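For the record, the sequence lines run as chains U and B.
Those letters in the first sequence? Residues 35 to 146, per our numbering, in order.
Those letters in the second sequence? Residues 140 to 252, per our numbering, in order.
Take these hints with a grain of salt, some might be off.
[Said to hold, decoys possible] Coverage of chain B stretches by chain U, computed from C-beta distances (three or more under 8 Å per stretch; other residues unrestricted):
| hint | stretch |
| --- | --- |
| 1 | 156-164 |
| 2 | 172-182 |
| 3 | 203-215 |
| 4 | 241-252 |
The set of hints was computed from the structure by calculation and includes no laboratory data.
Note that the structure is predicted; figures quoted are calculated from it, not measured.
Each residue gets a CB set at the ideal place from its N, CA and C atoms; glycine is no exception.
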Amino acid sequence: EDKVVQSPLSLVVHEGDTVTLNCSYEVTNFRSLLWYKQEKKAPTFLFMLTSSGIEKKSGRLSSILDKKELFSILNITATQTGDSAIYLCAVQGGQGAQKLVFGQGTRLTINP
Amino acid sequence: DGGITQSPKYLFRKEGQNVTLSCEQNLNHDAMYWYRQDPGQGLRLIYYSQIVNDFQKGDIAEGYSVSREKKESFPLTVTSAQKNPTAFYLCASTLRWRNTEAFFGQGTRLTVV
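Chain U extracted, bound-state conformation:
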């Protein structure tokens, strides 16, 4: 069964802290790993990772994939209250390499 597991499920930190969110997966026919941020309704896209060891970076956010150990991390440095959201990890693969499976999400709360 294709599976994506995120940890922690919930995280509360103070503004300015650095956080690391984890995503591990067991998916056949791996194609890509995606990170999304969800604040209210539709998730917004952050990163897509397909190759091991290549860091993707956007401002204070960065992410990397390890295809040997089957996990990815999302780092957020110098956190701000606007980073408070649910962060979702998804893996595309499975039968026909088109199945898109999400993890349970990490609810991140940044306190001022």
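On the provided structure of chain U, position chain B as indicated by the hints.
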């Protein structure tokens, strides 16, 4: 502008009724997906379709049905067999032959009254 349109945004249903949620995309994407999200949770896959006239069950397909008669459209029917249908439903789509992110609609919030 290209995108995914879900309708309605809010839907109220009486127990025992079937309801159909609409999802239309003009992105020329091949694959489409339906997810259910409960408060504070991640997205759980209900059904997905890779091409027209073909679809596969996800992890929580019981009590739901779909069709894919056109590339642009992937409606979801929540049947009376779904025991706890109150949830937020999201539709998404991706290209089949290129690695791109999944695009999402704005969601439908279904409430059973």
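Count the residues of the stretch 241-252 of chain B whose CB lies closer than 8 Å to any CB of chain U, then report whether that count reaches three. Since three or more residues must qualify, the claim that chain U covers the stretch 241-252 of chain B holds, with 5 doing so at under 8 Å.
Tell me if chain U covers the stretch 156-164 of chain B under the three-residue, 8 Å CB rule, please? violated (count 0)
Is the coverage entry for the stretch 172-182 of chain B by chain U consistent with the three-residue Cβ rule at 8 Å? holds (count 6)
Closer than 8 Å, Cβ to Cβ, for at least three residues: run that test on the stretch 203-215 of chain B against chain U and report holds or violated. violated (count 0)
In summary, the structure is inconsistent with hints 1 and 3 from the numbered list given earlier, while agreeing with the others.
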